[in-house]
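Asker: Each chain is listed here by its residues.
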Amino acid sequence: MTSDEATLARLMRSSQAGDAVAYRQLLGLAAPLLMRWFRRKVAPADLDDLVQDTLLAVHQRRASWDPSRPFLPWLAAIARYRWVDRLRRASVRNHDALFDDIAVESGEAALIGRLGCDRLLALLPPAQAAAIRAVKIEGLSVIEAAGQLRQSESMVKVNVHRGLKRLAALVDEDV
Amino acid sequence: MTEFTPNPQLEALMDRLAVNVRPVQPLDDRPTMLVLATVLLVIATLMMAWLGLRADLMAGQPHPMFLLRSGTLTLLGIISAAAVLSQAHPGVGRNRQSWGQGWKAAAAMALLFPLSGAVMAFDQPDHAMAMASAASGWECLRMSLLTASLCAMPLVWHLRRGAPVAPERAGLLVGLATGSLGALAYNLHCPFNSMVYTGLWYGVAVGGATVAGRLIVPRLIRW
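Chains as they are written, first to last, in the numbering used here: chain A, 5 to 179; chain H, 3 to 225.
Hint data in this document are derived by calculation from the structure and do not stem from the laboratory.
Since the structure is predicted, the reported quantities are computational estimates derived from the model, not experimental observations.
Just so you know, even glycine gets a beta-carbon here, dropped at the ideal spot from N, CA and C.
Wrong hints could be hidden among the right ones.
Which residues of chain H face chain A? A partial, calculated answer using Cβ under 8 Å [said to hold, decoys possible]:
hint, residue
1, Q11
2, L12
3, P25
4, P28
5, L29
6, R32
7, L59
8, A61
9, A90
10, P92
11, G95
12, A165
The task is simple: from the sequences and hints, build the whole structure.
Answerer: As structure tokens, this is what we get:
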């Protein structure tokens, strides 16, 4: 079964009606989509947790999907909200995520474009986006990021903090 | 494309969720809009029974300022309330569509009142001072905010049942919508037709409710 919009929307409609088989198929198709997307966004150690967290959110909030609207933008919004929430919590814990940058695969680029996270980062001021990419996505330490970005260490921290705050506010604005 | 490697823990979670799936009714905006309209109608009726209707309305000859104010507040209230309801159904890119942007245009139009009021206040400082110190201004503020608080309940309840992914924006919209509706209800009693009065006291009521919504509501709807 393919994870195209029509199939996913049909399965979600059946899931809202209580069809356990359709729901299991839907989750089975959504999980690899989320896994591929999140793989470029979080540390490998956090990947499973984030996918599970998002699937739980899908389960708890499934009534919020309007059957007259497309499914993938809804899934993308839920996924992005969980991702930003995790980044924010990680920021509070001052935990620098490690990141294993896997090459973009064919098909994945379209998915990422659809989910719009890179475009979301592009909406931030360049200094904030660069600090988040360096520290939160590429896994550099604050000292390494400061050297690479030619910002002071405190400026890197401020840019990460402000960028994440702005990112959270932007989470539902991007196309 | 990388093969998806099934993870036993993830598979177990999906199995468990599927076994426990129950039918759910897709979240419908219309009942909430109906409850909101009912709450507003009841409050406006009680307020009119207590404070009384404007004299020009009693005479069946509404003043142009009343009509302009009512129209603006009604439009702003309805468009913002619709934007609040749509916040319960997330979707990447949805804010660029329909209600996602309409409230901004309505708010910009409504801003003409405080702006015009400020210009006229510079021109007529004595009148502005009189309007600013009008005792009924505080009543306008109090009654509008009280009505706004009650109108906010069904909207917050709706958002809690949905999946708002921008809680700050949703909170701001709740405040804007309910502040406008609260001011609309009090407007049926308010005897003033001054642009300065309208710009100041109605502006403070709607602005105050918007700020309060932005600060309070996100804590109630975050998930």
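Asker: Each hint needs a verdict: does it hold in this structure or not?
Answerer: Cross-check of the supplied hints:
no.: 1; hint: Q11; verdict: holds (7 Å)
no.: 2; hint: L12; verdict: holds (6 Å)
no.: 3; hint: P25; verdict: holds (3 Å)
no.: 4; hint: P28; verdict: holds (6 Å)
no.: 5; hint: L29; verdict: holds (5 Å)
no.: 6; hint: R32; verdict: violated (12 Å)
no.: 7; hint: L59; verdict: violated (39 Å)
no.: 8; hint: A61; verdict: violated (46 Å)
no.: 9; hint: A90; verdict: holds (6 Å)
no.: 10; hint: P92; verdict: holds (4 Å)
no.: 11; hint: G95; verdict: holds (4 Å)
no.: 12; hint: A165; verdict: holds (4 Å)
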